[in-house]
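A.B. asks: Each chain, written out:
4 protein chains.
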Amino acid sequence: MRVGVLGARGKVGTEVCRAVEAAPDTELVASVDAGDDIEALVHSRAQVVVDFTHPDVVMDNLRFCIANGIHAVVGTTGFDQSRLDQLDAWLADAPGVGVLIAPNFSIGAILMMRFAAQAAPFFESVEVIELHHPDKADAPSGTARRTAEMIAAARRDAGSAPMPDATTTGLEGARGADVDGVRVHGLRVRGLVAHQEVILGGAGETLTIRHDSLDRISFTPGVLAGVRAVADHPGLTVGLDSFLDIG
Amino acid sequence: MRVGVLGARGKVGTEVCRAVEAAPDTELVASVDAGDDIEALVHSRAQVVVDFTHPDVVMDNLRFCIANGIHAVVGTTGFDQSRLDQLDAWLADAPGVGVLIAPNFSIGAILMMRFAAQAAPFFESVEVIELHHPDKADAPSGTARRTAEMIAAARRDAGSAPMPDATTTGLEGARGADVDGVRVHGLRVRGLVAHQEVILGGAGETLTIRHDSLDRISFTPGVLAGVRAVADHPGLTVGLDSFLDIG
Amino acid sequence: MRVGVLGARGKVGTEVCRAVEAAPDTELVASVDAGDDIEALVHSRAQVVVDFTHPDVVMDNLRFCIANGIHAVVGTTGFDQSRLDQLDAWLADAPGVGVLIAPNFSIGAILMMRFAAQAAPFFESVEVIELHHPDKADAPSGTARRTAEMIAAARRDAGSAPMPDATTTGLEGARGADVDGVRVHGLRVRGLVAHQEVILGGAGETLTIRHDSLDRISFTPGVLAGVRAVADHPGLTVGLDSFLDIG
Amino acid sequence: MRVGVLGARGKVGTEVCRAVEAAPDTELVASVDAGDDIEALVHSRAQVVVDFTHPDVVMDNLRFCIANGIHAVVGTTGFDQSRLDQLDAWLADAPGVGVLIAPNFSIGAILMMRFAAQAAPFFESVEVIELHHPDKADAPSGTARRTAEMIAAARRDAGSAPMPDATTTGLEGARGADVDGVRVHGLRVRGLVAHQEVILGGAGETLTIRHDSLDRISFTPGVLAGVRAVADHPGLTVGLDSFLDIG
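Residue numbers (full-length UniProt numbering), protein chains in the order written: chain A, 1 to 247; chain B, 1 to 247; chain C, 1 to 247; chain D, 1 to 247.
Just so you know, these hints were derived from the structure itself, not from any lab. Incorrect hints may appear among the rest.
Simulated crosslink set (DSBU-like; lysine-lysine; CA at most 30 Å straight-line) [as the list claims (entries may be wrong)]: (1) C:LYS11 - B:LYS136; (2) C:LYS136 - B:LYS11; (3) C:LYS11 - B:LYS11; (4) D:LYS136 - A:LYS11; (5) D:LYS11 - A:LYS136.
Start from the sequences and build out the full structure, keeping to the hints where you can.
C.D. replies: What follows is the structure in structure tokens.
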């Protein structure tokens with residue numbers, strides 16, 4: 001598979017280039033960054049493009065790819081509904097082309113969220129702990145909020161009862177933040193990278209699902225999975241999980 | 001739902017009786033143990049029977065239930081293929097009756113095994129740790145062996161590569177037991193009850209799925225789930241997981 | 001060693017009686033509860049008494065023991081400074097007698113707190129997570145508060161810098177409760193018993209100290225340790241840790 | 001404090017140089033590697049040298065430092081008894097000079113080992129799990145072996161009973177390796193770096209001490225602690241722990 005990378009000299013793009021070169025079934029045919037000519041994608045006959053650029057340029061990049069029949073796997077952020085609608089419109093005129101927009105390429109994180117939501121209706125209690133380095137600006141993390149929302153939605157759909165909690169006295173903040181009725185706790189400890197744990201409990205037992213992300217390169221297997229599958233999924237797809245053939 | 005319990009005065013049966021009485025949608029109408037008349041199930045118009053008795057008597061119990069149109073949820077052990085074939089034959093003559101044979105009613109354990117097998121093909125490495133009290137006679141535990149077999153089967157089906165392991169020197173036993181190519185480690189520590197952890201890892205990240213069973217009553221929610229669903233699954237079902245509506 | 005138990009028919013006292021009988025070097029010579037004659041301690045020539053009774057009666061019990069030259073190991077709560085002063089005064093007249101007042105007899109909990117405080121000055125960050133069943137009324141737990149206070153005191157004595165935390169946006173409660181500058185997070189999950197984890201982190205590494213209390217009997221080894229050592233510690237001692245010969 | 005680094009261009013030496021420059025109370029005055037003139041240490045008036053070089057050259061380096069009255073903090077490996085005896089002899093002629101030889105500068109690892117050994121006599125059972133990336137050649141790790149030996153020695157000194165283990169049937173290797181009677185389990189999982197867990201258990205409770213080393217720089221705080229303290233410890237010291245003022 002002939003792959004081009006947009007944002008090829010960025011931190012993430014550099015790792016993507018390395019992974020595309022290392023995999024036996026993908027070939028890096030174009031590395032494009034700010035200042036380079038995007039026509040290189042066409043000249044090199046790239047079949048799939050990976051875009052880790054910037055919200056300011058990603059739409060132009062995608063218009064070009066779609067117009068030239070190149071599939072795209074996109075990790076750049078900033079996609080709101082109007083952008084997704086625009087992509088849908090462009091793709092309507094390019095029936096064979098697939099575009100994947102994914103907020104998270106870590107397969108471990110995707111599975112953690114999915115399993116947590118699937119298991120949530122089977123237990124009385126579910127809480128989320130996220131643990132990060134202390135230079136992080138937001139608490140809880142975006143992934144923890146999203147996980148809690150998915151858990152809450154799954155329990156709502158299943159008609160689960162509210163979680164038991166007899167707390168009547170205590171210190172402010174001791175029970176964490178409330179995200180749609182799910183308690184979320186954020187730790188900031190030097191030496192940590194990015195970690196999350198979901199604890200589910202019922203009579204006499206608990207189930208714990210934990211994801212530890214220790215290195216930036218954890219997203220590369222997910223990017224490669226997207227590259228391999230995007231041609232078989234014409235049109236617009238949001239979220240890598242729909243490409244993963246789980247169970 | 002009118003429920004009878006066979007083996008009602010055993011350790012497990014006692015908890016089952018208590019759980020059936022406590023649940024809002026089930027009613028305990030018959031408690032039968034060795035020496036009692038099994039006809040009580042018919043007189044009390046039990047719709048479902050829960051059987052935690054003994055391999056020596058369970059087949060007689062089930063022939064009686066099937067003949068009388070009573071569904072059965074069975075936690076008694078000792079079912080080999082010939083017994084399952086016998087049940088199939090009896091059920092062929094009782095088209096509306098459902099029988100569930102389950103080796104494990106802990107929903108946490110069932111989900112742990114299922115998630116571990118689903119996730120296994122997405123990672124380079126998978127290992128299993130089981131931790132129990134030191135009075136246990138077998139190592140590794142039956143659940144750990146079964147988990148490893150499920151992981152190995154899932155990876156075989158997906159065409160996963162063998163796991164990386166550069167170990168060349170060491171002490172005997174340091175890398176655990178080999179179950180179908182999956183390493184399994186058994187700890188025996190006073191104070192523990194029954195715990196298992198599956199660690200899956202790929203480039204830069206790990207996913208950990210852990211089950212802690214701290215009290216015998218952890219199986220009662222699974223038994224109740226079986227009681228509620230068995231009437232809707234006529235014929236023979238092996239394993240509670242096919243009754244759980246996951247994801 | 002001849003041991004009497006006060007509060008012998010209570011939940012805790014029952015376990016203490018059992019442990020005293022089971023240990024090879026202790027003998028249960030008197031079991032006293034409300035309505036029984038405390039003189040039984042003298043008639044049975046008890047050398048040490050274990051008291052798990054009630055704040056209303058414990059001072060009378062101890063006055064009796066001290067007056068009769070019987071050592072005491074006390075798990076009953078409610079000791080303020082004035083009570084401790086009173087005990088000191090009584091013990092001044094009974095020079096050989098030892099009394100141990102301990103808020104916590106779990107050796108695991110005592111070591112967790114001690115190690116956490118010892119390690120705290122060597123790391124940039126320290127946070128505490130406590131996890132309990134959801135029927136608990138207070139959050140955070142008393143043990144977690146005490147642990148955080150000990151950590152804060154150790155860091156103050158060592159002149160440690162404040163912990164790093166770049167959090168600027170977030171949800172209320174996400175960063176837990178603040179106990180003397182140490183963040184404490186409380187989870188309430190069905191199936192849990194009583195658990196606590198202290199996470200310490202510095203550049204590139206973390207140290208985690210975790211205590212899991214799964215069964216009420218976890219305090220009995222600590223009670224026996226107190227029984228064996230109290231005769232060698234005449235006067236008043238508060239806290240079992242000073243009896244433990246650590247390192 | 002004026003610090004010189006030997007092996008300054010190696011992986012570890014580079015991090016040491018960076019840490020010495022970053023700390024407020026240390027100044028990097030000489031960076032020496034193979035091919036450079038070691039006299040630079042004298043010309044720059046270094047007070048302390050950090051040596052992360054090679055077993056082939058470290059003894060020459062130390063002879064030079066001792067002869068010139070420069071203290072040394074040494075992470076280079078390969079010190080057997082005859083080398084330590086040689087250092088003692090050289091130091092006898094340089095009464096004010098201190099040399100620290102440390103196999104491990106990670107404060108987290110040192111505390112983990114120390115706490116595990118201190119706690120070991122208070123519990124019935126102790127086992128060790130070490131978890132590393134799958135490119136590691138030896139199993140179990142050297143740190144895990146050393147930890148198990150320290151645990152075994154502490155229990156021997158305390159007269160602890162052998163650990164309970166009722167295992168009678170099982171698979172080869174399931175119970176791990178036996179190091180002086182302490183079971184050690186080694187996992188090799190892609191995505192992991194270097195992790196170790198010691199689980200201690202008694203009636204109804206467990207204490208777990210875990211060290212996670214996620215980044216090479218975890219040793220730099222220990223090196224700086226050595227640099228700051230070595231001048232106050234004339235003569236030869238083996239092991240950083242004797243410099244740490246714990247509890």
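A.B. asks: Now tell me if each hint is right for this structure.
C.D. replies: The hints, checked one at a time:
| no. | hint | verdict |
| --- | --- | --- |
| 1 | C:LYS11 - B:LYS136 | holds (28 Å) |
| 2 | C:LYS136 - B:LYS11 | holds (28 Å) |
| 3 | C:LYS11 - B:LYS11 | holds (22 Å) |
| 4 | D:LYS136 - A:LYS11 | holds (28 Å) |
| 5 | D:LYS11 - A:LYS136 | holds (28 Å) |
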